[in-house]
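Residue numbers (our numbering), protein chains in the order written: chain Y, 1 to 207; chain W, 1 to 207.
Some clues are possibly wrong.
A pair holds if it fits inside one copy or across any two, identical chains being indistinguishable in the list.
In silico SDA-like cross-links for lysine to any residue, where the CA-CA straight-line distance does not exceed 20 Å [stated by the list, open to error]:
# : residue 1 : residue 2
1 : K186      : D163
2 : K51       : S35
3 : K194      : S126
4 : K201      : S14
5 : K194      : P125
6 : K204      : T129
To be clear, the hints were calculated from the coordinates, so they are not data collected in a lab.
Fair warning: this is a prediction, and the values are worked out from it, not measured in the lab.
Number of protein chains: 2
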Amino acid sequence: MNHKGLLIIVSGPSGAGKGTICKELIQRDESIVVSVSATTRAPRNAEVDGKSYHFITKQMFESMIENGGFLEYAEVYDNYYGTPKDFVIEKITNGENVLLEIDIQGALQVKQKYPEGIFVFVLPPSMETLKNRIVGRGSETPESLEKRMSSAYQEIEQIKNYDYFIVNDTVEQSTDVLQAIITAEKCRVNADIKDIVVKFKEEKENA
Amino acid sequence: MNHKGLLIIVSGPSGAGKGTICKELIQRDESIVVSVSATTRAPRNAEVDGKSYHFITKQMFESMIENGGFLEYAEVYDNYYGTPKDFVIEKITNGENVLLEIDIQGALQVKQKYPEGIFVFVLPPSMETLKNRIVGRGSETPESLEKRMSSAYQEIEQIKNYDYFIVNDTVEQSTDVLQAIITAEKCRVNADIKDIVVKFKEEKENA
Numbered sequence: 001m002n003h004k005g006l007l008i009i010v011s012g013p014s015g016a017g018k019g020t021i022c023k024e025l026i027q028r029d030e031s032i033v034v035s036v037s038a039t040t041r042a043p044r045n046a047e048v049d050g051k052s053y054h055f056i057t058k059q060m061f062e063s064m065i066e067n068g069g070f071l072e073y074a075e076v077y078d079n080y081y082g083t084p085k086d087f088v089i090e091k092i093t094n095g096e097n098v099l100l101e102i103d104i105q106g107a108l109q110v111k112q113k114y115p116e117g118i119f120v121f122v123l124p125p126s127m128e129t130l131k132n133r134i135v136g137r138g139s140e141t142p143e144s145l146e147k148r149m150s151s152a153y154q155e156i157e158q159i160k161n162y163d164y165f166i167v168n169d170t171v172e173q174s175t176d177v178l179q180a181i182i183t184a185e186k187c188r189v190n191a192d193i194k195d196i197v198v199k200f201k202e203e204k205e206n207a
Numbered sequence: 001m002n003h004k005g006l007l008i009i010v011s012g013p014s015g016a017g018k019g020t021i022c023k024e025l026i027q028r029d030e031s032i033v034v035s036v037s038a039t040t041r042a043p044r045n046a047e048v049d050g051k052s053y054h055f056i057t058k059q060m061f062e063s064m065i066e067n068g069g070f071l072e073y074a075e076v077y078d079n080y081y082g083t084p085k086d087f088v089i090e091k092i093t094n095g096e097n098v099l100l101e102i103d104i105q106g107a108l109q110v111k112q113k114y115p116e117g118i119f120v121f122v123l124p125p126s127m128e129t130l131k132n133r134i135v136g137r138g139s140e141t142p143e144s145l146e147k148r149m150s151s152a153y154q155e156i157e158q159i160k161n162y163d164y165f166i167v168n169d170t171v172e173q174s175t176d177v178l179q180a181i182i183t184a185e186k187c188r189v190n191a192d193i194k195d196i197v198v199k200f201k202e203e204k205e206n207a
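Build out the structure end to end from the sequences listed, making use of the hints.
Now the structure itself:
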């Protein structure tokens, strides 16, 4: 097995079901480390600092931006959201596998900074299904629904920058596929393979 | 899912267990098509033409070599052995997944002709285990054992030309990993992905 952990980026249009798949994955595989975002917005009712988000000040956030402390970040309605880099890199270096659920803009930023990540694009079975799922949430106005659908069409074009795609028919199947991707990627021949060849060589010399 | 089938090449040193893993895979997944080698040697007792091997004449074999009809071939003790190209390409084009169990020399030839193949290297847990497995077969003289072990050490260097490696502790685990690799590769973003993007676009235009 490879020594270094994997960074698994699960991304896709809003409503494709990436969040549900990630939740199911974490339940099935407790060894997966979840990356927690930092934000400058105030905590809501049940949110726990360090679990839901790392709640930090705007000053702190901006100083981290300046020091290249984020794998990606964005400003949304006057609040910052971002993925702290050090946490992810430390876990990966320790051989742990880190899961990052993120929108497409964020994923493309992560790709710039960490191209060795495993980029997985979650697709809805059809745009009709996507629409029904977003409508089902009950939180959209006709205008915001229209806007979400129109960005979804644009976002799907970005699939070309990803390594894998999952057509999300059912959570169970999609999570099976995500687990298969992780299993396969652990067995990829990469730079670490040299250590394995050396191990066999040493066995020869000590024989 | 991708339209084109996969060519899965399972390879490794003699005694690593590639044959047992492939047998288990075929039992678990009936959709996998097994590539049958052609040979010029005479059939043995229970061997069935077209199943064990395609038994063909030396003249026929040499004419196929001249016409580029093999993905790989070798001459062993005055007999030819090879993988007919047309069969494999036809199945892949039909979207079927083809399994090719082959030694390392053969796999490297296939890589030249079909680099899009999925190249999987089966490793023994240790060289000690490999030795015990070869000895257990009871068919080796001390000299031929020595020779096999020495080529195994050389062959392991070739792992760098493969996509994946499987450390074969148990057949069950190794076959699980091989199945995960196939599942993951079916979801790889490749040239076929354009069709998926087009499908979603058409849905938009027809909406």
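For each hint, the structure was consulted:
Proximity of K186 and D163 under a CA criterion of 20 Å is satisfied in both settings, with 15 Å inside one chain copy and 11 Å between copies. Taking identical chains as interchangeable, the C-alpha atoms of K51 and S35 lie at most 20 Å apart only when both belong to the same chain, with a minimum of 9 Å there against 51 Å between chains. When the C-alpha separation of K194 and S126 is checked against a cutoff of 20 Å, the pair qualifies only between copies, where the shortest distance is 15 Å, while the shortest distance within a copy is 43 Å. Proximity of K201 to S14 under the C-alpha cut-off of 20 Å is restricted to the inter-copy arrangement: shortest distance 17 Å between copies versus 50 Å within a copy.
In this homomeric assembly, K194 and P125 come within 20 Å of each other (Cα to Cα) only across copies, at 16 Å, whereas the closest approach inside a single copy is 41 Å. In this assembly of identical chains, the alpha carbons of K204 and T129 lie at most 20 Å apart only when taken from different copies (13 Å versus 58 Å within one copy).
Checked against the numbered hints given earlier, this structure breaks none of them.
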